[in-house]
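Undergrad: Given the sequences, and given the hints that come with them, work out the whole structure.
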Amino acid sequence: LNHNLLYLLYCCIYYLLYQNSIKTKTMASEQLEKIFKNNEEWIAQQLDKDPSYFKTLGEGQEPNILYIGCSDSRVTAEEVMGLHPGEVFVHRNIANMVISTDLSAQSVITFAVKHLKVKEIIVCGHFCCGGVKAAMQAQDLGLLNPWLRNIRDVYRLHKEELDAIADEDARYNRLVELNVQEQCVNVIKTAVVQKASAERGLRVHGWVFDIKSGKLIDLKIDFDAILAKIMEIYTLKD
1 LNHNLLYLLY
11 CCIYYLLYQN
21 SIKTKTMASE
31 QLEKIFKNNE
41 EWIAQQLDKD
51 PSYFKTLGEG
61 QEPNILYIGC
71 SDSRVTAEEV
81 MGLHPGEVFV
91 HRNIANMVIS
101 TDLSAQSVIT
111 FAVKHLKVKE
121 IIVCGHFCCG
131 GVKAAMQAQD
141 LGLLNPWLRN
151 IRDVYRLHKE
161 ELDAIADEDA
171 RYNRLVELNV
181 QEQCVNVIKT
191 AVVQKASAER
201 GLRVHGWVFD
211 IKSGKLIDLK
221 IDFDAILAKI
231 MEIYTLKD
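Mapping of the sequence shown onto my numbering: residues 1 to 238, in sequence order.
These are calculated hints, taken from the structure and not from any lab test. Source: prediction; values computed, not measured. Any given hint might turn out to be false.
Said to hold, decoys possible - Calculated lysine to aspartate or glutamate pairs in the EDC-like style (CA-CA distance at most 16 Å, straight line):
1) Lys212 to Glu160
2) Lys215 to Glu78
3) Lys133 to Asp167
4) Lys195 to Glu232
5) Lys133 to Asp169
6) Lys189 to Glu78
7) Lys215 to Glu177
8) Lys189 to Glu232
9) Lys189 to Asp167
10) Lys119 to Glu87
TA: This is the structure:
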């Protein structure tokens, strides 16, 4: 009798798990189908406004802005800035990092500056950033550890200021801002940006997006003051 009950219980659990799996797959499939339906509606909307919209897009891109932001699904570059396809070149990763050994970020910067001739580079972080939050915690996150170590290095550079902030949320938000500042500095250190800044006035900006209000905040970073004592180390010459 016990064996029969156990077998029946096993069958019930398996059936419930199977049904849940089918439901999950169905929901995922419906979501993907909705995306393609949304795409068709979007195409119709664009053509209704401008019959040559896609023909124009196909002729090339000349964006004035390179946007380096976070991969967070709540922060979409074009929508936040009110821009359209073709107006901004975008690179996103966890916590909007610009790391010298990250070939993806460095390639994007080089292409945007050297070939697209962008006039502005924006590094945009955001409050409630999961990557920054994770870096503040002493937890082993496996493959993410080397990436998050770069954010922890930002904390180390500004430890005195950050440790003086008693409120954890305020300290967290300040680290978001300081991380943006340090990533801007990393952008300025690159040879291609230094050259374009000298030759054609390329500018770098540090912004933060406040998810709770929807506002973009210009940190108005004084790079001249920050870089005054270190650029002799990083300035590159032909």
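Undergrad: Hint by hint, note whether the structure agrees.
TA: For each hint, the structure was consulted:
The suggested pairing of Lys212 with Glu160 is violated, with an alpha-carbon distance near 28 Å, which exceeds 16 Å. The straight-line distance between the Cα atoms of Lys215 and Glu78 is roughly 14 Å, inside the 16 Å bound, and the hint therefore holds. Taking the CA atoms of Lys133 and Asp167, the gap is near 14 Å; set against the 16 Å cutoff, the hint holds. Distance check on the hinted pair: Lys195 and Glu232 sit about 15 Å apart at the alpha-carbon level, within 16 Å; holds.
Between the alpha carbons of Lys133 and Asp169 the distance comes to roughly 10 Å, so the proposed pair stays at or under 16 Å and holds. A hinted pair counts as satisfied when its Cα atoms are at most 16 Å apart, and Lys189 with Glu78 does not qualify at roughly 26 Å. For a cut-off of 16 Å, the pair hint linking Lys215 to Glu177 stands: about 14 Å separates their Cα positions. Our distance criterion of 16 Å between C-alpha atoms is met by Lys189 and Glu232, whose separation comes to about 11 Å.
Using a Cα cut-off of 16 Å, the hinted pair Lys189 and Asp167 is violated, with the two alpha carbons roughly 33 Å apart. Among the hinted pairs, Lys119 with Glu87 is consistent with the structure: their alpha-carbon atoms are about 12 Å apart, no more than 16 Å.
When held up to the earlier numbered hints, the structure conflicts with 1, 6, 9 and fits the remainder.
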